[in-house]
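Asks: For the record, the sequence lines run as chains H and S.
In terms of my numbering, the first sequence opens at residue 1 and continues consecutively.
In terms of my numbering, the second sequence opens at residue 1 and continues consecutively.
The set of hints was computed from the structure by calculation and includes no laboratory data.
Keep in mind the model is a prediction, meaning the values are calculated, not measured.
Accuracy of the hints is not assured; some may be wrong.
Copies of the same chain look alike in the list, so a pair counts if it fits in one copy or across any two.
[To be verified] Straight-line distance between alpha carbons at most 30 Å, and here's what the computed DSSO-like set of lysine-lysine pairs gives:
no. : residue 1 : residue 2
1   : Lys27     : Lys98
2   : Lys198    : Lys24
3   : Lys5      : Lys108
4   : Lys10     : Lys76
5   : Lys108    : Lys27
6   : Lys198    : Lys108
Number of protein chains: 2
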Amino acid sequence: LNRIKASGLKLRFCTNETQATREKFVKKLQGLGFDISVAEVTAPAPAACRILKERGLRPHLLVHNDLLPEFAELDKANPNCVVIGDAAENFTYANLNKAFRVLIGMEKPVLISLGRGRYYKETDGLKLDVGAYMKALEYACDVEAEVVGKPARPFFESALAEMGVPPQQAIMIGDDIVNDVGGAQQCGMRAVQVRTGKYRSVHILHP
Amino acid sequence: LNRIKASGLKLRFCTNETQATREKFVKKLQGLGFDISVAEVTAPAPAACRILKERGLRPHLLVHNDLLPEFAELDKANPNCVVIGDAAENFTYANLNKAFRVLIGMEKPVLISLGRGRYYKETDGLKLDVGAYMKALEYACDVEAEVVGKPARPFFESALAEMGVPPQQAIMIGDDIVNDVGGAQQCGMRAVQVRTGKYRSVHILHP
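The following block holds chain H by itself, in its conformation from the complex:
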């Protein structure tokens, strides 16, 4: 990372983190010794905020409490869309019904999902991720969610736009074969998979 920065190459950190603000995310990585600032991070919540502002949408939020500050500036009165993230403990029966009622009350429901993950692991076991709850609302309202985050194309495109770099001049580096490598390639970028983190050798195709 330090060598990339020293070389003068442009750099963005693309994360699907939706359980914390960019501030908290950056502090964690700084604590691990990484040279990173909030302005260098592309994350689903601020990307969603941009979309909401552009389209004059007022969100009903079903997200993690720690993510709420990312949406502080937006008008949330009389909502005309639902934004769902990995809300964790906020995924209660009452909150799911609330989000559903906002959607079903709209002539053309708008559901924006901060990712489409199936599940993830925590110290106390596997947990359902935002994608599962997104599917529940999609089915109930007969609507397709707009996914913000990796591997969605607009997410990579906004990172590229922020750097002012065309896709064919950019390289994505990540550990996730679908979200990082696949998403970037779909966007016209080249991609490198690191052999750490989620890397599994079975994902390599042997000719």
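We have chain H; now place chain S onto it with these hints.
Replies: Leaving out everything else, chain S in the frame of chain H:
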């Protein structure tokens, strides 16, 4: 109903009720003046019990508390499948993760759903129905649920088998164009839609 019974025609009541036992369901209808007994009712929970017994399945139950007595006789230790019904307040984040972990821990996950409804109305507003939560687990585990209840074909077939009547000699009467009329027709039965309950004139096709 009294005239059908007096005529000597065979009769079954087919319900998708999964928030109460057949006993409670029958008492409610008796209270409204209907001549009905538990033995005349085909409902998802007992139909699921039959399937579980036939296939040696031990269920992890994610259902309404009032439905639990229907599963009293089954072995539920060391579960090898998940049965989901309209669990209402039991649809907590913790319970959904529990059911998910049972499924994802199986080599070939078996998910049995007592219906596929999207939502329904109660006095305090619209609620997500079992189908939405079924979709969440299906997506997270990359599995397709086996649906027990109307409009699934095996459900009508078991009602017919209980009466000992072939489909072409049976008529389904109901208010739901998809679950009652469509499901029965798929099964080779004729069907009559009543103009009460869920009936909406927009569902009629004008040639």
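Asks: For which of the previously enumerated hints does the structure constitute a violation, in increasing order of number?
Replies: Structure breaks hints 1, 3, 4 and 5.
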